[in-house]
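Participant: Each chain, letter by letter, is given below.
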Amino acid sequence: MTRTRRGPYVVRLLAAVVVSLVVIFPLYWMVVVALSSRSELLGSAVRLWPRALTTENFARVLSAFPVATWFGNSVAIALTTAIITVVVNLLGGYAFAQLRFRGSNALFLTALATLTLPVQVIMVALFRLVTVLGLYGSYWAVILPTAASAFGLFLARQFILAIPRDLIEAARIDGAGYFRVFTRIVLPMSKPLVAVLFFMSLLSTWNDFAWPLVALQDNRLFTLPIGLLYLQGQFGPDYGATMAFALINVTPMVVLFLVFQRYFVQGFARSGLR
Amino acid sequence: MTQAASRAAARGGTRARPRHIRGEARAAYVLLAPNLLLLGLFVFVPLVGAFVISLQRTDGFGSGTFAGLDNYARLLGDGLFWRSLINTTAFTVLVTPLSMALGLGAAVLLNSVLPARGVFRSVLILPMAISGVATALLGVLVFDENSGVLDKLLQSVGLPAVSWQSGSGAAFSSVVLVTLWWRVGFNMLIYLAGLQGIGPDLYEAAVLDGAGRWQQFRHLTVPLLGASTFFLLILNVIYSFQVFDIVFVLTGGGPRNATSVLVTYAYETGFDTRDQGYAAAIGMVLLVLAMAFTLVQWRTNRSRDEVGG
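Heads up: the protein sequence lines correspond to chains A and B, in order.
Going left to right, the first sequence walks through residues 1 to 274 as the UniProt record's numbering numbers them.
Going left to right, the second sequence walks through residues 1 to 309 as the UniProt record's numbering numbers them.
In short, the hints are calculated from the structure, not lab data.
Just so you know, not all the hints are guaranteed correct.
What the hints assert, rightly or not - For the chain B half of the interface with chain A, some residues (derived, Cβ under 8 Å), not all of them:
#1 Val45
#2 Leu114
#3 Leu124
#4 Ile130
#5 Leu138
#6 Val142
#7 Leu202
#8 Tyr203
#9 Val207
Said to hold, decoys possible - Only part of the chain B face toward chain A is listed, based on derived beta-carbon distances under 7 Å:
#10 Glu24
#11 Phe61
#12 Gly64
#13 Val123
#14 Leu154
#15 Phe244
#16 Tyr267
Ideal Cβ placement from N, Cα and C applies to all residues, glycine included.
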């Protein structure tokens, strides 16, 4: 028994280490490049750790671009979108999971079908619509179209389906209205769901690119990913500066992700995705 | 029992059953209203708009002129459209099975007895937190022909340099590799959730019946993960049809359109060339393809379940 288990055990450990190194290396390299001086990066030798660490790349980026404004834009847009998404999807998921009404299935499938729709298909029309609605040039041009997330609705429905209907009927018999049932029973039982929806929405909005690229043509409204592309266009092959800014872009979400991933994983598992 | 409760009970008991159901439906519509309003306004209205625009000749300034099916007819003779269609298909056919197989492999690995499993899991799903633009720029950093770290590493161990940016096949491979780096973690996460829902007693029974490791994997793990596989298949295909950030930033569709996909082609046609009617037509084709594929998957999965169950 010990002999047969030992071989695979070492092999498994080795496999896990190799795979992890492959995944982590580009991120490690991003940090190294961001902290290397220009002259070091121009050299042809591969040094897995620079001879001298420097923050000159960060200084160059911060002085040339309105990084704080872009950061603030990203925070405002991502937070607002996440809050709207959570509220809207929780209410919708509750209706689809626990209430019986005509057209329930058809509506749900229609909402779900929007998952197959690439935003680029509707981008031109959406741009015109947003302009007509007078949203162009404001955060709302990104927030409102992004908040309508079919995937969030799907997750919410799956999760709330697991709440026993008996519990809800009992509360109904005790005289609670459907909204009261929502605030007193569904909401308290949905904390992991709220966490997952909020975090997923925050993450995807923070990292969103295609639609904000079109909707935020004004430099002062840029979010970090759009700023990153813009900066790369201006700085060209200045990898030190690009990676310094990339680091500013990815660090907040990486930290949040590492802190909250336990709940994230649980939320996924409990949403019945198995 | 409170007054309200007894009233409700009385209502439920006698003539009020239809009213109760009507009340439930009304509550449901009210609860759904914000969601449906957002989806309707920002997805379905522009979708209809996109279809109308696809029948027009328009550069986005002023009103377009009606062109009937001209834009669609033009697609037939457009080599770049076909190239992008083939690239989109090739990308989907490569990335979907690869990211699912690698994800399943990683999930099985991390579901076994292993020290520091949590650390390995965190590392593998970490790319999920990185933006597409940053991921693509990491790809540039690794695959750049002049200063990319990968070629430097290859040459330092005596291997030849690869033309990641100027060679068609190599450029396409770099897009696939970067995408896999970005996507495998998500696939692993879903499979891991699936694996943790399988009771260990099934495996114990299988071992008693003399099943080897491969037989356990083939006849227990794979079938029991059917729901996860279906979910991932749909999501991966949808994602692959919609791939944008990586291609747009990493290769810009080049070299010589070797990595151009339908979404980047539609974007460039709509916002660079400003041939918005034609761009909308490309988008419509993409949408029909994605929906057709999802529908086929949905159907075959359902019929398989009916046969199996």
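Participant: Which of the numbered hints are not met once you compare them with the structure shown?
Facilitator: 7, 8, 9, 11, 12 and 14
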